[in-house]
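Chains as they are written, first to last, in the numbering used here: chain A, 1 to 263; chain B, 1001 to 1495; chain C, 2001 to 2524; chain D, 3001 to 3170.
Keep in mind that the hints were calculated from the coordinates and are not lab data.
Please read these numbers as outputs of a predicted model, since none were measured by experiment.
Watch out, some of these pointers could steer you wrong.
Stated by the list, open to error - With a Cα cut of at most 25 Å, we get these calculated PhoX-like pairs of lysine-lysine:
1. K4/A - K3043/D
2. K2374/C - K1113/B
3. K3168/D - K4/A
4. K2374/C - K3168/D
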Amino acid sequence: MAMKWLALVAVVFTGALLIYGVSDFPDWGSADSPANGGIEGAGRSVSQTFIQETKPLTHVPNMVTAVLADYRGYDTMFETVVVFAAGMAIFAVLRVLKTVDGQHSRVIRDRSVDGDHQRIIVGTTCKILIPVIQMFALYVVAHGHHSPGGGFQGGVILGASFILLGLSDGMETAMERLSEGKFVAMAAIGVLIYAGIGLLSQFVGRDFLDYGALQPLLGTPDEGWARSHAMLGVEVGVTFTVTAIMFAIYVNLASKGELKGGL
Amino acid sequence: MDSVNVIQSNLPIWACLASLLAIPGIALFRKEILLRELVTFVAGILKFYFVLQIFFLVKDGSVVETKLFDGIAGINAPIVFRVDSLGILFALVASSLWILTSLYAIGYMRGLKEHAQTRFFSFFALSLSMTLGVAFAGNLLTLYLFYELLSLSTYPLVTHNQDKEARSGGRTYLVHLLSTSIGFGLPAIIYTYIKCGGDLSFAGDAILAGQDMGFLTGAVLLMAFAFGFSKAGLMPFHSWLPGAMVAPTPVSALLHAVAVVKVGVFCVIRVVVDVFGVDLLGEINANLVLCWVAAFTIVTSSLIAMSQDNLKRRLAFSTIGQLSYIVLGVALLTPYAVQGSMMHIAMHAFGKITLFFCAGAIYVATGKKYISQLNGLGHKMPILFGAFTIGAMSVTGLPPTGGLLSKMYLILGAADAQQIALLVIYLVSSILNGVYFFPIIWRAFFKPLPEDAPETKGAPLACVLPLSITAAASIALFFFPGILHNLANLMMPGG
Amino acid sequence: MIDQLPVICVLSPLFGALFVALFGSRSHSACFPIAIVSLVISLICAIGCTQQVFTTGQAMDYFVGGWGAGKVVEGVEIPLGFGIQLRVDHLNALVLCIIGIAVLLVSIFAIRPQGEKDTEKTHYFYSLFLMLACGLFGQTITRDAFNLFVLVEVSSLASYGLIAMGSSPRGTVAAFNYIIMGTVGASFYLLGVGYLYLKTGTLNMDGIRQVIELSPDVADSRSVMVAFILIMLGMWIKMAFFPLYGWLPNAYSYCPSSAGAVLAPLMTKVSVYVMIRMMITVFGLEWVFESFDWSALIVWLAVIAIFAGSVFALAQNELKKMLCYLIVAEVGYMVGGAWLADADRWGLTGAIYHILADALMTLCLFLAVATFAKRAGVIKLDDLDGLFKKMPLTMVGFIVGALAMIGVPPTCGFFSKFYLIRGGIESGRWEFVIALLVSSLVNAILFFRIFEIAYFGSSPPEGHGHHDDEEHGETTARRGLEAPLTSLVPLWITAALIIGLGLMNGQVVEFIRKTVGLLGGGAA
Amino acid sequence: MVDFIEIFVERVVHFIENVVQPHFNYWSYVVLMMIGLWGLIAKRNLIKKLIGLSIFQTAIILFYVSLGVKADATIPVFDYEAEKSKSAAVVLPAEPSEMGGKSDGKYKKIDPDHYANPLPHVLMLTAIVVGVATLGVALAVAQSIFKDFGTLEEHEILEKIKTGDYVKHD
């Protein structure tokens, strides 16, 4: 019971504080609020600069992707690191490396076809559906420049396709496609791609994650296009990590860390 | 005072390091006892030699200074050594007596086959270098730094026996010293530091000279310092001293009769002379509070001493009384009284260490600790009890011993300060000293030896020799007080 | 090359973590060298940055991606806050070095895998450990409010993993509570940044402060005040400040010992650093102490934190739990110090110096306690029986840490208390001064209780102290229990640093005072 | 009595019109957040706590996204037709193929009020991913707790810790 009172007090206090804060907000949807329109005398508004300068700077129509991957690329890199850290933490917490009878857990695929009929319906539909999902996922990653999409969204869809395979044909078949060694490496390589591209611009002598420096490398007409292509490279890195970690989370939670049997 | 020429030399660092460097030596020769004792002895002599060097520099009124680390930012409080006449007087006493004590300790330890002697001698050397650190401290921060380290480095010595009493004795020892120094000392230092705008050094005129300070703040600050440096044994924070009697006798001889307790008094003198300055205290006459606290301590401790049957506890309470003599002398602020208190540091040191040596020697020889058991021992150990008598006379202040001179100055000082009541207290307490010392001598010489007393072997030579030297020294100080006198004169001209 | 140092400092543990994850699963022995190399590189970068800031007296700016404020890219003049800015100034240079040193020492300490559930997880441990280091480095030097949130999450996630991977079930329950509290704290911080962004239009810390100083109606607006409260609430949860400390004692005492040795000294201290960064750089000290002006209340909260921490520490009989409650008390020191609105900012200087001092002290104590637990199975206080004889060398390290906690002069603990007390007196907050003194006394009692048990044995022999065992008997047969070199060396280096930081506190504080002077604090 | 109700209704309508309506989204996010906070603290089942936590985080995402909203603005993706048709005479950044030209650095012709503010969307992409990661780790820890304690009710877990009957590893 005490927790209920504590919850009530906390909720009332925080709620009042937040409402009190909301009272002198600019109206919802007003274009000249400080966030959207900036404050006179405090220099050009950052978000207006994003909107107006993304096209000439990076030739990327989708301003969100430009801000995400280029201007605030350092943020997104650490976001990928957060995903990677979550994967590692889950492995650390759940993964059982020595099973009860002491021998290292091997992934063995039980071939016994249990003849329940649902599997057939589910199996065939998934067999048709999964390749389409994966194609769409790659489209979402590649088309992040022009329409809402990008590394995270594409990665999740790709991960979902592997989970769907796991659900339909049993975890072992999914593990055959993507074994533990593979997806841990895949996750690490994803972040390595991202940080590697950033490091590349440092080797050329400019700041970290300054994609403009890759212009001579990529042979693009001007630095803007180099930024656009580098962003695509970075999105691919993110996709690797997110796919691997989503699948890792599913696999670990489903099988309580033994990576065998499971859902 | 401020036109004194300052000599930069790192002799004081060498003096401190002499005993510190002995520790690896002691640890190295743990197995060969003889070599280890030799190292302690050599370190003692080396240290005394360095102190003598500094003495010859300081003799004509100049000051030796050297900087170790620049301490706290924003204020002029680097960790620096600055040896003046008061510092060198105390250093001379401490280092000379260390040589004798280490000789005595070798005899004592071997006599009782004590355990963990390596640890004992290394911490002994460590606490000695901390004592010299306090003597040479150039500013309030360095003083506080070495003061704290001294309390910590003497803890293993006090709890050397590692038994129940040692544990409780050690606990009271530390709780008193740490809590008073952190509780009173630290805020007092920080308040002084803020008041005087960041210059804590003792050079030049006093830190707080010229500050407008009312009687109340002055008195509170002075008492915070006095109780902060609770090693001076002012009541009610005195009970760590009897508690520390649990330690083996060489420790209580050197540390709790000479080094540690004198550090407390030394700090109080520094506070009165160099932090407040005699004239400021005189104006706001905050010193009366200190006078009456010291007077109260003298009387009560002498009364308690009379009731103690344990020989070492009686000596401990007598030390508390003698320390308050010195504190009272300084608090009177008149030139005579301050000089008397400085001389009393030396006189009391030699007298009291002899008494403690005798107590230890009796214990080694006969295993007796209580005065009631000392009947007739005088015939058995005539030299020992002869020295005991001389020591007692010196502490009480009778003619042939040095104690008389310093008490004479103190009484003259009290007269100068028109404090007749305090003068009477001085006289009465000297009589009280006699009352709690002479029954012991009378019992040892004139009471018959109980028949069933087992055949006692004589005290080892290594114990008897140092106590006879210190007894002779206290007599010599009566005839040649020259060194002490002009050192004291340097510190407080006139009188 | 020299101006690339801040980023390399953050990136090398990241690359280390990735390589450990890649190669570690195959050969566990490869993990340790990779970790050491990457941490040594970042430590060298940290020291290089401090050197640079010290010599030039200027802060080092770094704009990731080349989007520097005022720089013209493709004919477009880039406004402040367009990209993410990193900055190493007088405040975080030293914090950077302390993190570098602590992380390196603990990684050396953690080389010998203790009896964790299964030792095959060393590569997960090192990967999370390095990501924690990367998060902490990033948190310290970032100049972008939202980027700070992401890096707080990186280090928090790594710490959730490190705590939960232990073998004790109580550790996992503590980890769960820590996840809930940590996420709520981070979300409050995120909300606060959102309110700020809405009112000021930029995420860059300097940008926000310029807007607050520029337009009075933003400065006096309610939402900026609520934003400040939210950010403070978030950070107080993260640093376990008094009312919100519930998660800390269990989390740090039931986690694996080497994880505890890195989390205890760093996580709470970096959150305190973030709070001070927010006060100085984002809101500006004038705004915080004049228009916000709750310092009296918060100093009283800090006083309660100090008393509560000390009293709870006294009540514990588990060694690690006791140290955890001491951390809660130390956090009270720092928050109280930072919020003393004294004219010359000595309280703030004391708080910043205490971040460095306390990190070292806690590291020393936790390393020693971890070694006791590992070698002699010491959990409760009375298991410390006679430890002086068994593990004298580790005990010496523990003593130095304990003396620093009590505040004995040559160690840094004394000097940080000195500055805090000075700040307390000058700002007239006597309750803070008394709290400091009382808690040092309580620390004295706590640690001397431990020394007594370790020195005497829990029940010393009765009667007279005479031992007739032959004189050289004190080197008893149990010499074998002494800790291995890999845990002794870090302990002794930390002990030496504690004393060194104490003696060098003059220069260190001069260096810190420049921050307080430069960024709108009181007189330098 | 009747006019009292009218005044009351009129007052409420006025309140909604002027105070709630302009900040509608911000009030709704606070309500959502408080529901999450209540679930987080009051609920005893660990999984319900996690659900409360994710509602708490989703509310923040709602707040951030409603920051960047501009009345009648499209999604922040540059659409050529609208720019071309709006002011044909204006020099526009051309199709990708003929891009070559540098921008002249002055305020561009693109009208920022036409597009929503992209920054909150970027921030929330990160916040969503962080939320997922934390949720993943929390679920893993919850499963590990279930393995050791056999229950997910917090009060039962605390009971078991007191009595000490949980799976103790070596």
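Query raised in the report: Hints broken by the structure, by number, lowest first?
Result: 2, 3
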